[in-house]
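K.L.:
Each chain, letter by letter, is given below.
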Amino acid sequence: MQKTITRALLAATVSLACTQAGATVKVGFMLPYSGTYAKLGEAIENGFKLYVAEQGGKLAGQDIQYFKVDDESDPSKATENANRLIKRDQVDILVGTVHSGVALALAKAAKAADTTLIIPNAGADAITGPLCSKEVFRTSFTNWQPGYAMGQVAREKGYKTAITITWNYAAGKEATDGFKEGFEKAGGKVTKRLMLPFPKVEFQPLLTEIAAEKPDAVFTFFAGGGAVKFVKDYADAGLRTRVPLLASGFLTDGTLEAQGDAAQGLLTTLHYADGLDNPKDKVFRASYTKAYPAIAPDVYAVQGYDAAQLLATGLNAVKGDASQKGAMRQAMQGATIDSPRGTFKLSKAGNPIQDIYLREVRGTANQVIGIASKALADPARGCKL
Amino acid sequence: MDPIIFLIQCLNAVQYGLLLFLIASGLTLIFGIMGIINLAHGSFYMIGAYMAFALQPVVQQFLGGGFVATVVVCVLLATALGYVLEWAFFSFLYTRDHLQQVLMTYGLILVFEELRSILIGNDVHGLTLPEWLDGSITLGGVMTYPVYRLFISVVCMAVALSMYLVLTRTRLGMKIRAGASNREMISSLGINIQRLYRIVFAIGVSLAALAGAIAAPVTSVYPGMGHSVLIISFVIVVIGGIGSIRGAFLAAMLVGFVDTFGQVFFPGIAGMLAYLLMALILLFKPQGLFTRG
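Just so you know, the protein sequences line up as chains Y and P, in that order.
According to our numbering, the stretch in the first sequence is residues 236 to 620, in order.
According to our numbering, the stretch in the second sequence is residues 8 to 300, in order.
By construction, these hints were calculated from the structure, which means they are not laboratory data.
Note that the structure is predicted; figures quoted are calculated from it, not measured.
Note that CB positions come from ideal geometry on N, CA and C, so glycine has one too.
Treat the hints loosely; a few may be bogus.
What the hints assert, rightly or not - Simulated DEER-style distance windows between Cβ atoms:
| hint | chain 1 | residue 1 | chain 2 | residue 2 | range |
| --- | --- | --- | --- | --- | --- |
| 1 | Y | 448 | P | 202 | 54 to 60 Å |
| 2 | Y | 422 | P | 110 | 56 to 62 Å |
| 3 | Y | 391 | P | 293 | 55 to 61 Å |
| 4 | P | 113 | Y | 530 | 31 to 37 Å |
| 5 | P | 147 | Y | 617 | 44 to 50 Å |
| 6 | P | 273 | Y | 617 | 25 to 31 Å |
| 7 | P | 273 | Y | 530 | 52 to 58 Å |
| 8 | P | 113 | Y | 476 | 44 to 50 Å |
| 9 | P | 96 | Y | 530 | 33 to 39 Å |
| 10 | Y | 288 | P | 61 | 34 to 40 Å |
| 11 | P | 103 | Y | 319 | 34 to 40 Å |
| 12 | Y | 597 | P | 83 | 40 to 46 Å |
When you get a sec, could you build the whole thing from the sequences and use the hints?
P.N.:
Structure (C-alpha cells):
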C-alpha cells in the first residue's frame, strides 16, 4: 500500500516537473511590419529566430512562443500596442523596436508592468540615460556612440573645423552632439550646426551655406530616403571633392544601391560593418543567408540575433523559468554577448559597451577599415542605476 | 552674407517655389473650381515619382528615349488616370459636404499607399539622369550648381506660363474661369460641366504627377513622399486664395523664399515659418492674397 502511494506521489511529482519543463517562454515582438521601417523589423525578427533555431528551437530547454504586433512606427499607438502584448498575451519578454519615439513609450510600459524589454534598434540616448531601468536592455547602440567615435576620427585626420547637418529631431541632435563632444574634446571646433525640419529633404540652401563656410569636414546624420537624397545632393553641389563628408553609419546602411556613385568612398562609423574578419560573423552571415536567401544580413539582423542571445543568457541562469525576473535580469545585465559584431558587455544602464568601426563605402558594401573607438561605453548621463 | 551666396540662395528659393507651385496649382484648380478638398493630391505626386522610376527602364528599351520621354509618358498616363478617377470616384463628391470628401480622399491615400507597397515595395529608389542634365555649372566661383535644378525651374516656368495662357486666352480657360465663379450660370449656358470638370481634374492630377516625376531625380523616390508635400500645398492654396492660380504662384514663391532663408537664418524654427506666414497673411487677408482669378 505504502509503495503504491509513494509511486503515485512520485509519478505526480514527475509529471508536474515535466509540465514545468515543457512550459513555453512567451516572446512578444513589437516591431514595424509596415511602412518605411518594415524591412528593418523583418531583419530583426529574422535574426532573433535564427539564433533560436540554432539552439534547436529552444532556449534553456524551453519552447519559445512568439506573439507579434505591428507598431507602425507610430508613437501615439505605442502604449496601446505594448499593453496588447503585456496584458492580453501576457508575454514574458518584450522585444522592440526600431523607432525611438515608440521605444520610449515601450520602455515606460515595460517598466510599469515589470516586464523585461530588449530593444534591438532604437538609439535614443534617453532610454539608457534618464529613463534607464533594470527592466530595459538594449542590444543596439545609442545615437551618441557612432557620433562621438567619428569626432575622434575627424580629429585624427587633422581636421580643425567642422559643420554638422541633420534633421531637427532627437536622433539627429544626439548623433551630432556626440560628434561635437568627441571632436572638440580632441581639440577641433564645430563652427556651425545646420538643421532642417524632419522629414524635409530640400538641402540645397544648407549646402550653399556649407560651400560658403568652407569647413575642414562635414558630419551628418540622415537615414532612409533623406540619406539617399543628401548624399546625392552633396555630390551634385560639388562638395564631395572639396569638403570631406563624415557620417553615422545609418547614412549608408541599406541605402547604398540608391545612392550609387555619389556614395563611393564615404567614411562612416557604426557598431557593425561588412568584412569583419571574425569567425562568429562568418558563421552568422553564412547561416543567415542560408535561412533567408532573399535578404542580405545587416546590422538590424545582428541586433535581433543578439537580442535572442541576451535572452538566452538570462533564461539559462534561471533554468528557463522566466517568472524569476530578478535573477534573470541580473544574469542579462552581467552577460557577455558573443556577437557577430565582436564580443560586448552591457553597461550598468543596459547599453552595449562595444567597438565602433570605421567603414568606407566600396561598391555596395560598408567595408570595415579600422576601429574608430575601442570598447566605447555610452556616458548614460542621467541614469540613476 | 556674400552677395554671390545670396544670389545662389535666391536661385534655390525660386527653384523650390516653382516646384511647389506645380503641385499646389493642381490642388487649387480642383479645390477652387470643383469645390473638392482633395487630400489624395499628394498621392498623385507620389504616383508621378514612382511611375517615373518604374517606367524609366521600359521607356529606355522601347522608345530608346531618355529621361524626358519618361516624364512625358508619365504625364500622359497620369492624365488618363485622373480622367478615370474622376469618373469612378470624384464625380460623386461634388454634391457631398466637405467631411465626406475628406473621408473619401483620405481613403484613396491609404489605397494608393498600399498599392504602392504591393506593386513596388517600401524601398528607396534613385533615378538616373541623362548626361546632358547630370552635370553642374560653377556659379561665381563659389559653388557648383546642378544643371538639373535649373532644368526643373525652366520646366516649371514653362508650365506656369502655358497655364496662364490657357486660362486667359483660350475658350477652355474662359469656361474654367466661368465655372469657378458661377457653376449654375455656366451649365445653364449649355456647357457640359461634367466634361469640363473631368478635364480640369485630369489636368490637376497630371500637374502633380509631373511635379513628382521631375522632382524624383533630386528627391529620390520613397514611401510617404506625398504626405509632407500635401500639407505645404494646402498652406500655399490657403495663402494664395482658394482657386486662384495667380495667388498660388505668388504664395509658392513666398513659401520658397521663407523656407530657404529661414533654414539659413533661423534653423531652429524653420519648419514653422511657412505656417507663421500663413497665419500672418490670414490675419490681414482672411480670404488669402487673391480670391478667384
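K.L.:
Can you tell me whether the CB distance of residue 391 of chain Y to residue 293 of chain P sits inside 55 to 61 Å?
P.N.:
holds (59 Å)
K.L.:
Quick check: does the Cβ-Cβ distance between residue 422 of chain Y and residue 110 of chain P fall within 56 to 62 Å?
P.N.:
holds (59 Å)
K.L.:
If I claimed the Cβ atoms of residue 288 of chain Y and residue 61 of chain P lie 34 to 40 Å apart, would that claim hold in this structure?
P.N.:
Because 36 Å falls inside the window, the suggested range holds.
K.L.:
Are residue 113 of chain P and residue 530 of chain Y spaced within 31 to 37 Å by their CB atoms?
P.N.:
Since residue 113 of chain P and residue 530 of chain Y have Cβ atoms about 33 Å apart, the given range 31 to 37 Å holds.
K.L.:
I want to verify a distance hint. Is the separation of the beta carbons of residue 597 of chain Y and residue 83 of chain P within 40 to 46 Å?
P.N.:
holds (41 Å)
K.L.:
Residue 273 of chain P and residue 530 of chain Y, beta-carbon distance inside 52 to 58 Å?
P.N.:
violated (43 Å)
K.L.:
Indicate whether the distance between the beta carbons of residue 113 of chain P and residue 476 of chain Y respects the range 44 to 50 Å.
P.N.:
Since the Cβ atoms of residue 113 of chain P and residue 476 of chain Y sit about 46 Å apart, the hinted range of 44 to 50 Å holds.
K.L.:
Holds or violated: the 54 to 60 Å window for the beta-carbon distance between residue 448 of chain Y and residue 202 of chain P?
P.N.:
holds (56 Å)
K.L.:
Does 34 to 40 Å hold as the CB distance between residue 103 of chain P and residue 319 of chain Y, or does it fail?
P.N.:
holds (36 Å)
K.L.:
Starting from the range 33 to 39 Å, see whether the pair residue 96 of chain P and residue 530 of chain Y falls in it by beta-carbon distance.
P.N.:
holds (37 Å)
K.L.:
Can the suggested window of 25 to 31 Å be confirmed for the beta-carbon pair residue 273 of chain P and residue 617 of chain Y?
P.N.:
With a Cβ separation near 29 Å, residue 273 of chain P and residue 617 of chain Y satisfy 25 to 31 Å, so the hint holds.
K.L.:
Do residue 147 of chain P and residue 617 of chain Y keep their Cβ atoms within the hinted range of 44 to 50 Å?
P.N.:
At roughly 48 Å between Cβ atoms, residue 617 of chain Y and residue 147 of chain P fall inside 44 to 50 Å, so the hint holds.
Figure legend: structure checked against the earlier numbered hints; the only hint not met is number 7.
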